[in-house]
Amino acid sequence: MGSIENSCLIPSVNYSEVLTNDGAAEVFVQALKTYGACRIREHGIPKDIIKNCFEKSWTFFEQDHEVKAAESSTIPGARYVPFGSEKIRGEAHLDETLEFRHCAYDWPLPCAPCPARELRDACRPFHEECNRVHATLLGAISSSLNLARPLTSIHSLQNTYFAPYFYHFPDRTDKETLRVPPHIDPTTLLFTFQDALGGLKVADLSQLAGRSLSAHAVSEAGAAFIPVVCQPGEFLVLAGNLLRKILGGAMKHSVHCVERPVGSSGFHLNYWTIPNLDIACQVGEREETVKDYLARVFPSAFGGA
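Going by our numbering, the letters in the sequence shown line up with residues -4 to 300, in that order.
Just so you know, these hints were derived from the structure itself, not from any lab. Any given hint could turn out to be false.
[What the hints assert, rightly or not] No farther apart than 30 Å at their CA atoms in a straight line, the calculated lysine-lysine pairs in the DSSO-like style are these:
| id | residue 1 | residue 2 |
| --- | --- | --- |
| 1 | K170 | K82 |
| 2 | K28 | K286 |
| 3 | K170 | K51 |
| 4 | K286 | K82 |
| 5 | K51 | K28 |
| 6 | K28 | K82 |
[Stated by the list, open to error] Quick list of simulated restraints, FRET-style, between CB atoms:
| id | residue 1 | residue 2 | range |
| --- | --- | --- | --- |
| 7 | E57 | S148 | 39 to 49 Å |
| 8 | E57 | T172 | 20 to 30 Å |
| 9 | T168 | A64 | 22 to 32 Å |
| 10 | D17 | E61 | 16 to 26 Å |
| 11 | N16 | R84 | 36 to 46 Å |
| 12 | A245 | R291 | 15 to 25 Å |
| 13 | Q226 | I44 | 15 to 25 Å |
| 14 | A216 | G39 | 12 to 22 Å |
| 15 | D17 | Q226 | 33 to 43 Å |
Built from N, CA and C at the ideal position, the CB exists for glycine as well.
Could you put together the complete structure from these sequences and hints?
See below:
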């Protein structure tokens, strides 16, 4: 896997200008067409919301595994994923997470406070802010591509998710910097807010198209992976495989991985969406619903969707 130390290849767009300036929206859409990725700044998400989410993440994830699993099980709409339990083509994700589907905030939790519930409450306003930004970016894509059916019309809040992803080295003999191998997410859009150490690397897809965009093909071709270190106040948008399929290949999906310094610990705060489950998408020469696609490619998360 090749690497280049230059995050400037991934464009940065001012969110406030996307709202009012067709030119900024076009830059955003062109970045997705070229790289499947774009940086977003001036998004208006309050700093204290972001800071609180990072702090509550530390409190939850520093607990023992059994405690984290037990606490998480008390929250409907939440899914705790232990360290190393999910895999990409047989390779384990060397991270862990507590995912919150939008419905996780609907349930009153009368029991005594605990770190999992406090993390849920910290994620709630962050999740709502991401929903706001997401609607604007979907609108920009729809307008730019002159879609007869806007993307906002096939997405609903129930299919939005928010999760802190915890990267660490529980085994002191572990010297592997690659924590998540190159992959494509089965999503529409993924937002990532990185900690100070970053870690995301995005494949340079600018010269690739068609079948050469699979994660395996990109890795086999020795494509350069761009370390994306967002500036303060920025986050990274990654286009998922479902966006590409629904748009008939008009966008590229991001192929990306996560590397971290040996022995380090930290978080990425991730938000992602999927379309309504009955929406049809093109898979090769056949058509299937989003629900069937997700159950096939990501059964651990969506097999019961």
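Right, here's what the structure says about each hint:
Between K170 and K82 the CA atoms are separated by roughly 19 Å; this keeps the pair inside 30 Å, and the hint holds. For the proposed pair K28 and K286, the alpha carbon gap of about 25 Å is at most 30 Å, so the pair holds. A threshold of 30 Å between alpha carbons decides the hint, and for K170 with K51 the separation of about 28 Å falls inside it, so the pair holds. Only pairs whose Cα atoms come within 30 Å are accepted, and K286 paired with K82 is accepted, the gap being roughly 20 Å.
Simply put, K51 and K28 have alpha-carbon atoms about 36 Å apart, too far for the 30 Å limit, and the pair is violated. At roughly 28 Å between alpha-carbon atoms, K28 and K82 fall within 30 Å of each other, so this suggested pair holds. Here the CB-CB span from E57 to S148 is close to 42 Å, well matched to the stated 39 to 49 Å. The beta-carbon spacing between E57 and T172, approximately 22 Å, falls within the hinted interval of 20 to 30 Å.
Remark: the range hint 22 to 32 Å for T168 to A64 is upheld by a beta-carbon distance near 25 Å. Between D17 and E61 the Cβ separation comes to about 53 Å, which falls outside the hinted range of 16 to 26 Å. Taking the beta carbon of each, N16 and R84 are about 41 Å apart, inside 36 to 46 Å as hinted. Distance hint check: the CB atoms of A245 and R291 are about 23 Å apart, consistent with the given range 15 to 25 Å.
At about 18 Å, the CB distance of Q226 to I44 agrees with the hint of 15 to 25 Å. For the pair A216 and G39, the beta carbons lie near 38 Å from each other, so the given range of 12 to 22 Å is not met. At about 24 Å, the CB distance of D17 to Q226 disagrees with the hint of 33 to 43 Å.
The structure does not agree with the numbered hints 5, 10, 14 and 15 stated previously, though it agrees with the rest.
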